[in-house]
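> Each chain, written out:
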Amino acid sequence: MMAEDTKTMNMIEAINSAMDIMLERDPNTVVMGEDVGFFGGVFRATAGLQKKHGKTRVFDTPINECGIIGVAVGMGAYGLRPVPEIQFADYIYPGLDQLVSEAARLRYRSANDFICPMTVRTPFGGGIFGGQTHSQSPESIMTHICGVKTVIPSNPYDAKGLLIAAIEDNDPVVFLEPKRIYNGPFSGYYDRPVEPWSKHDASAVPEGYYRIDLGNAATVREGEALTILAYGTMVHVTKTIVEEMGVDAEIIDLRTLLPLDIDAIEASVKKTGRCLIVHEATRTSGFGAELAALVQERCFYHLEAPVERVTGFDTPYPHSLEWAYFPGPVRIATALTKILKD
Amino acid sequence: MPESDNRPASNLPPLSLHIPEPRYRPGDTPDFGDIVIPAVDATSRPGENTKPDAMRDHCYGLVRVLDFDGVAKGPWDPKLTPERLRVMLRYMMLVRAFDDRMFRAQRQGKTSFYMKCTGEEATSVASTMAIDRADMCFPSYRQQGILIARDYPLIQMMNQIYSNRGDHLMGRQLPIMYSAPEHGFFSVSGNLATQYPQAVGWAMASASKGDSRIATVWCGEGSSAEGDFHSALTFATVYNAPVIFNVVNNQWAISSFSGFAGGERTTFAARAVGYGIAGLRVDGNDPLAVYAATQWAADRARTNNGPTLIEHFTYRSEGHSTSDDPSAYRAADEANAWPLGDPIARLRQHLEAIGEWDAERHDAQAKELDELVKTTQKQSEKLGILGHGMHQPFETMFQDVFEEMPWHLKEQCDQMLAEQEAKFGPNWKPE
Numbered sequence: 001m002m003a004e005d006t007k008t009m010n011m012i013e014a015i016n017s018a019m020d021i022m023l024e025r026d027p028n029t030v031v032m033g034e035d036v037g038f039f040g041g042v043f044r045a046t047a048g049l050q051k052k053h054g055k056t057r058v059f060d061t062p063i064n065e066c067g068i069i070g071v072a073v074g075m076g077a078y079g080l081r082p083v084p085e086i087q088f089a090d091y092i093y094p095g096l097d098q099l100v101s102e103a104a105r106l107r108y109r110s111a112n113d114f115i116c117p118m119t120v121r122t123p124f125g126g127g128i129f130g131g132q133t134h135s136q137s138p139e140s141i142m143t144h145i146c147g148v149k150t151v152i153p154s155n156p157y158d159a160k161g162l163l164i165a166a167i168e169d170n171d172p173v174v175f176l177e178p179k180r181i182y183n184g185p186f187s188g189y190y191d192r193p194v195e196p197w198s199k200h201d202a203s204a205v206p207e208g209y210y211r212i213d214l215g216n217a218a219t220v221r222e223g224e225a226l227t228i229l230a231y232g233t234m235v236h237v238t239k240t241i242v243e244e245m246g247v248d249a250e251i252i253d254l255r256t257l258l259p260l261d262i263d264a265i266e267a268s269v270k271k272t273g274r275c276l277i278v279h280e281a282t283r284t285s286g287f288g289a290e291l292a293a294l295v296q297e298r299c300f301y302h303l304e305a306p307v308e309r310v311t312g313f314d315t316p317y318p319h320s321l322e323w324a325y326f327p328g329p330v331r332i333a334t335a336l337t338k339i340l341k342d
Numbered sequence: 343m344p345e346s347d348n349r350p351a352s353n354l355p356p357l358s359l360h361i362p363e364p365r366y367r368p369g370d371t372p373d374f375g376d377i378v379i380p381a382v383d384a385t386s387r388p389g390e391n392t393k394p395d396a397m398r399d400h401c402y403g404l405v406r407v408l409d410f411d412g413v414a415k416g417p418w419d420p421k422l423t424p425e426r427l428r429v430m431l432r433y434m435m436l437v438r439a440f441d442d443r444m445f446r447a448q449r450q451g452k453t454s455f456y457m458k459c460t461g462e463e464a465t466s467v468a469s470t471m472a473i474d475r476a477d478m479c480f481p482s483y484r485q486q487g488i489l490i491a492r493d494y495p496l497i498q499m500m501n502q503i504y505s506n507r508g509d510h511l512m513g514r515q516l517p518i519m520y521s522a523p524e525h526g527f528f529s530v531s532g533n534l535a536t537q538y539p540q541a542v543g544w545a546m547a548s549a550s551k552g553d554s555r556i557a558t559v560w561c562g563e564g565s566s567a568e569g570d571f572h573s574a575l576t577f578a579t580v581y582n583a584p585v586i587f588n589v590v591n592n593q594w595a596i597s598s599f600s601g602f603a604g605g606e607r608t609t610f611a612a613r614a615v616g617y618g619i620a621g622l623r624v625d626g627n628d629p630l631a632v633y634a635a636t637q638w639a640a641d642r643a644r645t646n647n648g649p650t651l652i653e654h655f656t657y658r659s660e661g662h663s664t665s666d667d668p669s670a671y672r673a674a675d676e677a678n679a680w681p682l683g684d685p686i687a688r689l690r691q692h693l694e695a696i697g698e699w700d701a702e703r704h705d706a707q708a709k710e711l712d713e714l715v716k717t718t719q720k721q722s723e724k725l726g727i728l729g730h731g732m733h734q735p736f737e738t739m740f741q742d743v744f745e746e747m748p749w750h751l752k753e754q755c756d757q758m759l760a761e762q763e764a765k766f767g768p769n770w771k772p773e
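Here the protein sequences come in this chain order: A and B. The opening position of the first sequence corresponds to residue 1 in the numbering used here, with each subsequent residue numbered one higher. The opening position of the second sequence corresponds to residue 343 in the numbering used here, with each subsequent residue numbered one higher.
By construction, these hints were calculated from the structure, which means they are not laboratory data. Please note that a few of the clues may not be correct.
Taking lysine to any residue pairs in the SDA-like style, the calculated list, with each CA pair at most 25 Å apart, reads [unchecked claim]:
hint : chain 1 : residue 1 : chain 2 : residue 2
1    : A       : 270       : B       : 752
2    : B       : 752       : A       : 52
3    : B       : 393       : A       : 88
4    : A       : 55        : B       : 550
5    : B       : 752       : A       : 39
6    : B       : 752       : A       : 213
7    : B       : 551       : A       : 24
8    : B       : 551       : A       : 60
9    : B       : 752       : A       : 170
10   : B       : 765       : B       : 729
11   : A       : 52        : B       : 755
12   : B       : 752       : A       : 88
13   : B       : 752       : A       : 113
14   : B       : 752       : A       : 262
15   : B       : 551       : A       : 88
16   : B       : 752       : A       : 266
17   : B       : 551       : A       : 262
18   : A       : 51        : A       : 100
19   : A       : 55        : B       : 647
20   : A       : 55        : B       : 729
21   : B       : 771       : A       : 270
22   : A       : 55        : B       : 644
23   : A       : 55        : B       : 752
24   : A       : 270       : B       : 647
25   : B       : 551       : A       : 113
26   : A       : 338       : A       : 320
27   : B       : 551       : A       : 57
28   : B       : 551       : A       : 266
29   : B       : 752       : A       : 267
30   : A       : 51        : B       : 752
31   : B       : 752       : A       : 294
32   : A       : 55        : B       : 713
33   : B       : 551       : A       : 39
34   : B       : 752       : A       : 21
35   : A       : 55        : B       : 771
36   : A       : 51        : B       : 580
37   : B       : 765       : B       : 755
38   : B       : 752       : A       : 315
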């Protein structure tokens, strides 16, 4: 990418730019959600969009997630391309019936009479002292719904390209934004100063339109010793630990959980013979369980050690003990040592 | 149990929990004599732009046009031409003939499920006739009258009911969960009241685009208890959405009477009051009243005066569905005892009273419609019935989950096709 085409953006700015461009390009795009209008969102992701594109394109909604998603389904049936924001992923549950039984099923049940080209944006994950209702990672609930795509970016460049592709997609997409890395990649060491995105290559974001097609993983770091599958915040945490330990790991950032880039996973695990899965969400029935099953189904005869998972614990996300919950450096290092020794 | 010593000294009786109970159960003789039916011309017709807070009485009254002698009276009389009235009667009679035939088809084992709307025909037919054909309808599962009133081909309804090879939904949906976008009919869900916020979203989209079309949506009094209902009313009032909310209060939600949706305390139209929405309570068995109220609400919506909630006070004469046996939970004779009669009988009586219809024509039309349904049924059954042969290629199961089929569905599809080939051999084709 030519330097003059890009601007240094953090994830919030990149996400804002994606919506700005889609509002400009497609008169059917609408952005809606709690506090997204005049104020520009509690995380500022929609700052300035209402002023630029008008109140009927970018507007506040009642505090009612069932209504937000249900109304978006109806708007999609009319022909609009709604981009509702759910203020925190933890708040999505009141809207889940509209997502699971309506948005996700509409194309199928009506045999293409009606579609739902909706992108639900929502910040997720912990590490900001959000307590149990502002920290959850519900990605495996989303991937368990047939008919919904699940996307999780890990940096500004990807966030913009993936969000544009999600908005242009003619099926419902849940776009989970790792809020811990909105302003800078997170090393996993909560007691160290935060590094801003400006020091990271992926903060060079083209100002114009571009898309990253859904369903493609990215190899963040090539290596031979093992494959690490991660997404969102954990991509950065994992990379920090790997580099500290001097492990020759191949880190794959999944970027889209569904549809999953199985070819990238398979090729890497067959090459390295070891696989570690890292996610922040609770362990049992987490997306790591799906990944572990797929890896052993497809790569069993190439594996030299059991597939390992590093995850959050099966407890609610605690407030004061947040960092004891978070799958940080110690948990990852322990798993790395184990999987490389086996 | 907490220690009784901890209770403050008091001579109050202990708290008691109220569990609603319908007045009549099997074996009882129902008597609805205490249902208040205001005089036919007692409910005023306010202007379509009247503020909701000036319309509270309309949530507790009853919009009526036809008296029980079949005479149209009062300010709500829509003054339809005799020709239009005959069209309305014909649509309602066609709905009933269709219901009877399809109910029987289910009993004959030709499909899995059916739902009649007997006694409630006016709430969808008259309501649909009062809006424009371009307006969008978000039905619940008992609004076959919308499709009939918009001349949707009967054979397509039957093909869907039979999940046969003519079913454009490819056998994916439970019978009666139609979808007909060209007829302004949204895909019917099996989840209750989910269509309510969707209709509001459609109406908001129409308004934001400067369109002239409005949305109209139906649910039962039972499902008005769903959160979606209240989400929808909140959004509609916030954005002044051009939408008509219909609550078909047919008194019964499967075996639960309207008391389990709050009907013992207030009317369903009165839900509008708290939201600042115009509310109308209508005699749902009076097709002219349903027409007039809907026309009023449509005019209101189309002139940016906002949403209306219409409670259609009616009675579910038959079971909830073919899977239901109402004799197990309600008095046998309730439908006949219902004080507001039957919508088809009442419109017929009116047409006869004004000299525009007679018994001979009525019987001839009933016979003609019955024949039409029977002939169509034979045509549809040539395309297959449920459970007798397979009507859709197996791979259609995996199509339309997404616009493009991802790898994991392709893999699963291949697995399923291999299973079917193992079972049926390599030359199998849908019938």
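> Each hint: holds or not?
Hint by hint, here is what the structure shows:
Taking the CA atoms of residue 270 of chain A and residue 752 of chain B, the gap is about 22 Å. The hint holds against a cut of 25 Å. Distance hint between residue 752 of chain B and residue 52 of chain A is unfulfilled; the C-alpha atoms sit about 43 Å from each other, more than 25 Å. For the hint pairing residue 393 of chain B with residue 88 of chain A, the CA-to-CA distance comes to about 37 Å; that exceeds 25 Å, so the pair is violated. A distance of roughly 10 Å separates the Cα atoms of residue 55 of chain A and residue 550 of chain B; the hinted pair therefore holds under the 25 Å criterion.
Of the supplied pair hints, the one linking residue 752 of chain B and residue 39 of chain A is violated, its CA atoms being roughly 45 Å apart against a limit of 25 Å. Taking the CA atoms of residue 752 of chain B and residue 213 of chain A, the gap is near 19 Å; set against the 25 Å cutoff, the hint holds. Between residue 551 of chain B and residue 24 of chain A the CA atoms are separated by roughly 16 Å; this keeps the pair inside 25 Å, and the hint holds. For the suggested pair residue 551 of chain B and residue 60 of chain A, the alpha carbons sit about 18 Å apart, so the restraint of at most 25 Å is met.
Restraint check for residue 752 of chain B and residue 170 of chain A: the C-alpha separation of about 19 Å stays at or below 25 Å, so the hint holds. In summary, the hint linking residue 765 of chain B to residue 729 of chain B is supported, as the alpha carbons are separated by about 17 Å, within the 25 Å threshold. The suggested pairing of residue 52 of chain A with residue 755 of chain B is violated, with an alpha-carbon distance near 46 Å, which exceeds 25 Å. In summary, the hint linking residue 752 of chain B to residue 88 of chain A is not supported, as the alpha carbons are separated by about 34 Å, beyond the 25 Å threshold.
As the CA atoms of residue 752 of chain B and residue 113 of chain A are separated by approximately 23 Å, the hinted pair is consistent with the 25 Å bound. For the hint pairing residue 752 of chain B with residue 262 of chain A, the CA-to-CA distance comes to about 13 Å; that is within 25 Å, so the pair holds. For the given pair, residue 551 of chain B sits about 29 Å from residue 88 of chain A by alpha-carbon distance, which is inconsistent with the 25 Å threshold. Of the supplied pair hints, the one linking residue 752 of chain B and residue 266 of chain A holds, its CA atoms being roughly 17 Å apart against a limit of 25 Å.
With a C-alpha separation of about 42 Å, the suggested pair residue 551 of chain B and residue 262 of chain A falls outside the 25 Å cut-off, and the hint is violated. Distance check on the hinted pair: residue 51 of chain A and residue 100 of chain A sit about 33 Å apart at the alpha-carbon level, beyond 25 Å; violated. Taking the CA atoms of residue 55 of chain A and residue 647 of chain B, the gap is near 19 Å; set against the 25 Å cutoff, the hint holds. A threshold of 25 Å between alpha carbons decides the hint, and for residue 55 of chain A with residue 729 of chain B the separation of about 52 Å lies outside it, so the pair is violated.
For the given pair, residue 771 of chain B sits about 40 Å from residue 270 of chain A by alpha-carbon distance, which is inconsistent with the 25 Å threshold. Distance check on the hinted pair: residue 55 of chain A and residue 644 of chain B sit about 21 Å apart at the alpha-carbon level, within 25 Å; holds. About 43 Å separates the Cα atoms of residue 55 of chain A and residue 752 of chain B, which puts this hinted pair outside 25 Å; it is violated. A threshold of 25 Å between alpha carbons decides the hint, and for residue 270 of chain A with residue 647 of chain B the separation of about 65 Å lies outside it, so the pair is violated.
Proximity of residue 551 of chain B to residue 113 of chain A is assessed by CA-CA distance (about 21 Å); at most 25 Å being required, the pair is judged to hold. At roughly 29 Å between alpha-carbon atoms, residue 338 of chain A and residue 320 of chain A are farther apart than 25 Å, so this suggested pair is violated. Only pairs whose Cα atoms come within 25 Å are accepted, and residue 551 of chain B paired with residue 57 of chain A is accepted, the gap being roughly 10 Å. The straight-line distance between the Cα atoms of residue 551 of chain B and residue 266 of chain A is roughly 47 Å, outside the 25 Å bound, and the hint therefore fails.
Restraint check for residue 752 of chain B and residue 267 of chain A: the C-alpha separation of about 19 Å stays at or below 25 Å, so the hint holds. As the CA atoms of residue 51 of chain A and residue 752 of chain B are separated by approximately 45 Å, the hinted pair breaks the 25 Å bound. Restraint check for residue 752 of chain B and residue 294 of chain A: satisfied, since their Cα atoms lie roughly 15 Å apart, inside the 25 Å limit. Between the alpha carbons of residue 55 of chain A and residue 713 of chain B the distance comes to roughly 55 Å, so the proposed pair goes past 25 Å and is violated.
Using a Cα cut-off of 25 Å, the hinted pair residue 551 of chain B and residue 39 of chain A holds, with the two alpha carbons roughly 24 Å apart. Simply put, residue 752 of chain B and residue 21 of chain A have alpha-carbon atoms about 34 Å apart, too far for the 25 Å limit, and the pair is violated. Proposed proximity of residue 55 of chain A and residue 771 of chain B is contradicted: the alpha carbons are some 54 Å apart, above 25 Å. Between residue 51 of chain A and residue 580 of chain B the alpha-carbon distance is near 20 Å, which keeps this suggested pair within the 25 Å criterion.
Distance restraint check for residue 765 of chain B and residue 755 of chain B: the Cα-Cα separation of roughly 15 Å lies within the 25 Å cut-off, and the hinted pair is therefore satisfied. Between the alpha carbons of residue 752 of chain B and residue 315 of chain A the distance comes to roughly 36 Å, so the proposed pair goes past 25 Å and is violated.
Checked against the numbered hints above, the structure violates hints 2, 3, 5, 11, 12, 15, 17, 18, 20, 21, 23, 24, 26, 28, 30, 32, 34, 35 and 38; every other hint is satisfied.
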